[in-house]
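**Q** These protein sequences, in sequence, are chains W and U. Note that my numbering has the first sequence beginning at 15, numbered continuously upward. Note that my numbering has the second sequence beginning at 1172, numbered continuously upward.
Keep in mind that the hints were calculated from the coordinates and are not lab data. The structure displayed is predicted, hence computed values, not measured ones. Check the hints yourself; a few may be wrong.
Now the in silico label distances, taken between C-beta atoms and shown as ranges [claimed, not checked]:
#1 U:L1490 with W:K37: 46 to 56 Å
#2 W:G135 with U:G1426: 18 to 28 Å
#3 U:D1446 with W:N133: 36 to 46 Å
#4 U:S1230 with W:G31: 35 to 45 Å
#5 W:V38 with U:E1468: 46 to 56 Å
#6 U:R1435 with W:E117: 52 to 62 Å
Here's a subset of chain W near chain U, in silico, CB distances under 8 Å, partners left out [to be verified]:
#7 E17
#8 H32
#9 G35
#10 V38
#11 V50
#12 I51
#13 E60
#14 M61
#15 N64
#16 A65
#17 E69
#18 E121
#19 I137
#20 Y140
A virtual CB, placed ideally from N, CA and C, is assigned to each residue, including glycine.
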Amino acid sequence: MVENKIRILVAKPGLDGHDRGAKVVAAALRDAGMEVIYTGLRQTPEMVVNAAVQEDVDVIALSILSGAHMTHFPAVLELMREHGIADEVLLTGGGIIPDEDIEALMEQGTGRLFGPGTNTGDIIAYIRDWNESRP
Amino acid sequence: MDEHANHDVLIEGVLNGEWRATARAISIVEDLRPGRVEILARLYLAGRSSSVCGITGPSGAGKSTLVDALASRYRDADERVGIVCVDPTSPFSGGALLGDRIRMNEIVVDPGVFIRSMATRGSRGGLGRAAREVISIVEATGTERVIVETVGVGQIELDIAEAADTVVVVLVPESGDGIQAMKAGLMEIGDVFVVNKADRDGADGLLIEIESVLALRTGQEWSPPVLTTIASQGQGIEELAEAIDTHRQWLVSSGEGERRRRHRIVSYVKEIVLDALATGLWEEGGYSDKLDESLQEIMAGRKDPFSAAEEIVSASRMLESLNMDTD
């Protein structure tokens, strides 16, 4: 009878106003059977982590197209650690992020990050795999 | 770690108003995970009584913006607020897109506000029960106010009406012509009516129309007020807060609140009993096999579903009396 649904927060931190990508991903995740909490534009790291705690999500997905990824991802990670959810919640996301930055961010503790043109199926598969490999 | 020790900490956290523990407890209840009953039972006894207000209406009526404004008003009075936003689960994928936080920018980082988005899922026993259980957890945190927001479609808003003390129905001038034709449900469950986006054309007409529909609601002691708001500018929010409080006082003074509470408890216990019986029968009693046997015959047109059910019921009764004899 246990019904474990994957809950995922999709957010756009920062000031860029392009949320089409985030919306496409949010809809794809819903169609894959997940519960998607979509918070929309201009989210601060505090708003993101606060929502993640209250919604008890398994995954946080950030969409960043502004080039500010080296600021936002570490800021969210830091707050996740402060709130004690860094070990159990996956931080992933995507946007226009150079490969070397992706590497650097993953070293800091993010999950996989996805570039432009990613198939939503790859994102879904990644999240499902992560969820199943959890202890 | 011992499972029970775990829940002690969790329950303690909820009672201390810690949002993380509250969020976790809600997930356990929603997912029907082990520990669910213990958590609900203990929080029920410790429960404090918040004022539970349901806000419903068609999509696009500005419900989330109204909830945002109302919650801000409560925060100004230093009251803590718990908000549960309910949206439908897609029956095809089982997923849901929960976007109510988008319009709650005033309050999303306020530590005195807890917001939880909830999908209707399979809602065994109706959404009323799932929502009520989530509400009871939020109540146990000691928030003075609980607001439940739902889109007014289908069965959802009727279920929420069951779970809330006061139901606010939100409409907009665009809802206009539809009122007369609107499903009886929405017009019958409202304790307070709000015409939001009242600066738009057609607001006055809608106001008159709502009042004429409400005039047909006879035999009730409470006559629902019809208010106007412009939630995005905070207009009319004070009056709405007052109307909600007036209704709550009426619930107490008229005895109606007591009557509703009694009704709610009876139906809750009945649901729990039904659940327990069903689990005993299908999962533990092995009657699923018996049903499978009958299935073939029903498919082949040799047996009707009523006889199949009757066989299962009498077999389970027989088993029960055998059990009692051996005790």
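**Q** Against each hint, give a clear statement of whether it holds in the structure.
**A** Structure-based check of all given hints:
{"no.": "1", "hint": "U:L1490 with W:K37: 46 to 56 Å", "in the structure": "holds, 55 Å"}
{"no.": "2", "hint": "W:G135 with U:G1426: 18 to 28 Å", "in the structure": "violated, 58 Å"}
{"no.": "3", "hint": "U:D1446 with W:N133: 36 to 46 Å", "in the structure": "holds, 42 Å"}
{"no.": "4", "hint": "U:S1230 with W:G31: 35 to 45 Å", "in the structure": "violated, 23 Å"}
{"no.": "5", "hint": "W:V38 with U:E1468: 46 to 56 Å", "in the structure": "holds, 50 Å"}
{"no.": "6", "hint": "U:R1435 with W:E117: 52 to 62 Å", "in the structure": "holds, 56 Å"}
{"no.": "7", "hint": "E17", "in the structure": "holds, 5 Å"}
{"no.": "8", "hint": "H32", "in the structure": "violated, 16 Å"}
{"no.": "9", "hint": "G35", "in the structure": "violated, 15 Å"}
{"no.": "10", "hint": "V38", "in the structure": "violated, 12 Å"}
{"no.": "11", "hint": "V50", "in the structure": "holds, 5 Å"}
{"no.": "12", "hint": "I51", "in the structure": "holds, 5 Å"}
{"no.": "13", "hint": "E60", "in the structure": "holds, 5 Å"}
{"no.": "14", "hint": "M61", "in the structure": "holds, 5 Å"}
{"no.": "15", "hint": "N64", "in the structure": "holds, 6 Å"}
{"no.": "16", "hint": "A65", "in the structure": "holds, 6 Å"}
{"no.": "17", "hint": "E69", "in the structure": "holds, 6 Å"}
{"no.": "18", "hint": "E121", "in the structure": "violated, 27 Å"}
{"no.": "19", "hint": "I137", "in the structure": "violated, 14 Å"}
{"no.": "20", "hint": "Y140", "in the structure": "violated, 17 Å"}
This entry does not satisfy hints 2, 4, 8, 9, 10, 18, 19 and 20, going by the numbered hints stated previously.
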